[in-house]
Amino acid sequence: MTTSALILLSYVLLAVFLLAFVLRSVRLARFPVHLRWELSPVPHEKGKGHYGGSYLEELEWWNKPRKKDHVAEITYMAKEILFLKALWEHNRKLWWFSFPFHLGLYLLVGGAILFLLGGLGAVLGIQGPGWGIFSRGIVVLAGGGYALGALGAIGLFLTRLSDKGMRNSTAPVTFLNLLLLFAMFATGLWAVLTVTGFAGQVLAFGGALFSADLGVEIAGILKAHFLFAFLFLAYLPFTQMMHFVAKYFTYHKVRWDDEPVVAGSKLDRKLKVLLGQPVTWAAPHIRADGKRNWVDIATDIGRKKEEVDQ
Amino acid sequence: MSDDVQVKSTATAEEQRPTQNEDGMTQETGNRSATEMQARDEGTKTEETKADRKKIWGKKEKPRVKDISRKELDVLEPVSIDELMPLPPPYDKIEEQPGWKEMSEEAKAGTQCTLDGFAASPIPQPESPEEEEELVEAFVSGLKKLLSRENNWEFLQPLTLSIDYCVGCQTCADACHVFKGSGEKEIYRPTYRSEVFRKLVKKYVKPGGKILSHFTGADIDLNWETVTRLYELAYRCNLCRRCAQTCPIGVDNGLIAHELRKVFSQELGWAPRELHEKGTELQLQIGSSTGMNPVVVKDNIEFIDEDMEDETGIHVETPFDKEDAEYLLIHNAGEILAWPENPGAFSIIMEKAGLDWTMSSEEVGYDGVNYGLFYDDVQLARIALTHAQIGKKLGAKKLIMGECGHQHKALMTVADRVLGGDNNIPRESALTLLEEIVFSGKIEFDPSKNDFPVTLHDPCNIVRNLGIVEPQRRILRYLCPQFREMTPHGVDNYCCGGGSGFAVMSPFNFTDWRVSIASRMKFKQILDAFADQPEPEVKKYICAPCSNCKGQIRDVLQYYGALDKSGITYGGLVELIVNAMVDVEEPFIHWEMH
Chain A
1 MTTSALILLS YVLLAVFLLA FVLRSVRLAR FPVHLRWELS PVPHEKGKGH
51 YGGSYLEELE WWNKPRKKDH VAEITYMAKE ILFLKALWEH NRKLWWFSFP
101 FHLGLYLLVG GAILFLLGGL GAVLGIQGPG WGIFSRGIVV LAGGGYALGA
151 LGAIGLFLTR LSDKGMRNST APVTFLNLLL LFAMFATGLW AVLTVTGFAG
201 QVLAFGGALF SADLGVEIAG ILKAHFLFAF LFLAYLPFTQ MMHFVAKYFT
251 YHKVRWDDEP VVAGSKLDRK LKVLLGQPVT WAAPHIRADG KRNWVDIATD
301 IGRKKEEVDQ
Chain B
1001 MSDDVQVKST ATAEEQRPTQ NEDGMTQETG NRSATEMQAR DEGTKTEETK
1051 ADRKKIWGKK EKPRVKDISR KELDVLEPVS IDELMPLPPP YDKIEEQPGW
1101 KEMSEEAKAG TQCTLDGFAA SPIPQPESPE EEEELVEAFV SGLKKLLSRE
1151 NNWEFLQPLT LSIDYCVGCQ TCADACHVFK GSGEKEIYRP TYRSEVFRKL
1201 VKKYVKPGGK ILSHFTGADI DLNWETVTRL YELAYRCNLC RRCAQTCPIG
1251 VDNGLIAHEL RKVFSQELGW APRELHEKGT ELQLQIGSST GMNPVVVKDN
1301 IEFIDEDMED ETGIHVETPF DKEDAEYLLI HNAGEILAWP ENPGAFSIIM
1351 EKAGLDWTMS SEEVGYDGVN YGLFYDDVQL ARIALTHAQI GKKLGAKKLI
1401 MGECGHQHKA LMTVADRVLG GDNNIPRESA LTLLEEIVFS GKIEFDPSKN
1451 DFPVTLHDPC NIVRNLGIVE PQRRILRYLC PQFREMTPHG VDNYCCGGGS
1501 GFAVMSPFNF TDWRVSIASR MKFKQILDAF ADQPEPEVKK YICAPCSNCK
1551 GQIRDVLQYY GALDKSGITY GGLVELIVNA MVDVEEPFIH WEMH
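Protein chains in written order, with this note's numbering: chain A, 1 to 310; chain B, 1001 to 1594.
Think of the hints as simulated: they come from the structure by calculation, not from any bench.
Errors might be hidden in some of the hints.
Below, simulated SDA-like cross-link-like pairs (lysine to any residue); rule was C-alpha separation at most 25 Å, straight line [stated by the list, open to error]:
1. A:Lys93 x B:Asn1300
2. A:Lys270 x B:Pro1088
3. A:Lys253 x B:Glu1150
4. B:Lys1210 x A:Gln240
5. B:Lys1539 x B:Pro1088
6. B:Lys1393 x B:Ile1286
Given the structure is predicted, the values throughout are model-derived calculations rather than measurements.
Pulled out of the complex, with its shape left as it was, chain A reads as follows (with noise of 0.2 Å):
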């Protein structure tokens, strides 16, 4: 494949991960509010997330206000996301291959940071005398994601291939996305190690994109690279690995979510047009029929006051 090719499939497989990635992000924000489920610890709850303990602790909570410890929570899903904590609390043995490779991704992501500013920057014609900074931070968070990555990945699946229980729920397709993280890592950290210029071919890839200059070329590793990594972006938003969008969610809008409804309130009038809804389960006792709605079957208790009354 020739560089100019990659460039233009590149666009393509960016225009899809970008669609794919807001279409996604913004169905699972636009899901109905739901009803509470709360799990403690919620960190927020200031003086008593540490031990697990709520509001609904104290006497007339409603008639106090709610105190949210917001430094606790993102410190909280700090250790989350960079350390992966849950997994160290309560799955060392998937730890040590987990966070190399999640480590491995966060580096790449700065490196991508660093490789987009860089092509940008080469396009706009700026690159002053702390421009070698790009440079040398590319190869160090690109060659130290790249081993980890790939160490992770590898690990990862031969755990999954070796633990009965892990490989009883995982799917052929989950080996596959494991193969081409590692095909995505194994080729950046070869052309780390081979390719004379490696930062200067990756800027110069970066500025490609920018300016539609079709006529760089790189070295046949680092398109290979390329390859893995933008076929890798456009497939992302399609699997269960979008869950790094997916646990802002399961966090702060299931488990950490216990908001109380006031009457009047936004939320109180989320609910009605939610309770307006007309119901279908096709079960005798919920006595639906397709037209009435939730109020209607949930104020519907069915007694027959009448018969209980004699």
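Dock chain B against chain A, hints included.
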């Protein structure tokens, strides 16, 4: 598979000496003989079973997720006592443990015990292949409704997140007391049920799901066996959500079990009798899942008041239907029948503290039970709305949840979002109120009266799900000099094994399952908490401030004879409070199994 590869529901079925009881069940007449157990120790039966399983599952010896649809299996994954998680002495000898009931052919006819040899609920038996097909199609229809905004706005977001983003890391497995207690049976792995569900959704609900289904993991067949085994499997989870708590992604396998139960109830009309007919329906029709109507409840409470006066010398008259009271106390009505000392103790405390309170004698208003929480959102909403409306009608300032975990969760949080507008009435936990009373100085206490080992069971619905952790502990630390925690405790606790309605479910051989498997981890925790004083002469108390937990713990202690062997009994929190009251001269706590 050949017909000769049939695995028995329990390895010991032939070894037992069964007698048939009136329910069509067979019950072991005693503990296994030494000879029988010796044969087991020699491994003959176990080896035979393992060999059989190897033929079925290949090298894995464990069922794969897709095997749930295999028609040729008598039992998908059998369970036997000798494979369960070991217990500490003196409960470590299998030959001394009570056996399990073997279901008679007659009892089996109305159920589907091909999952693990146990049955939690009767299942309607289709009379023709066409009817069977219709029921399977109805199940798919239910799955589609479960994923629709109109029919399941209540849990669509958390459910979708749990369907789409599990990475199968199995972190949840070690957190599950049923999986660990069973000796790590594959079908009890939290992800097993969820994976069946995911595969079915992927293949039969999502567009194009059958394309490359083996590659994407949607390699499952939908048939009568899949549906009925999945129904039973939905009732092998206590919905305690300990697995969800440990999941790095935030996936909730407990929620998936809950949502599956909803499909069966809300679409097919299938639910365990104890939860539906004798549960929510009875409560909505008569007033209580106990069957007590208002007249009976008032009579019973009057009797309890008299008994309390005889026992403590304190005169109380529990108020009913007092208008505009500060507190409307709603007990789990099961307490009134099974543990009358609990509502009795509540009345003593409320009266001695001089509170302005009442109970309701209106149907549903005297029973805080809401089994809808476990299996049916519509029934949940109906009962919660009725509770709120009764409180409003009486003009109560707030509703107080008695010592009942699922009542707390149903009324304080889960149903909160159907109690908007005019139905919005403040709700508070009795544990919070009790803490206020105990430390208010209105009642004089002598903690030395509670000078015996006490440990605390944390009801999942109050602690892990609501975050009410400390009030009950502050009371126990103050009133019980020998209070000690279980390990783990607080929000990390293990379920008692009776959660999600199991404590009241005893059909067929299900009690054996819930007591010996679902409660195994809790029983071990209890024994470990009292390990420093194991002798039966030292009387010990498990404080379980939840009616269902108490019921389950009672069954476990009885099953193992733990009062005689270890001196362990159980009860609620208010009993300990009254026992420590200076005004109460005779001990309020009795060291007996009740």
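Quiz item: Honestly, which of those hints from before does the structure not fit?
Solution: 1 and 2
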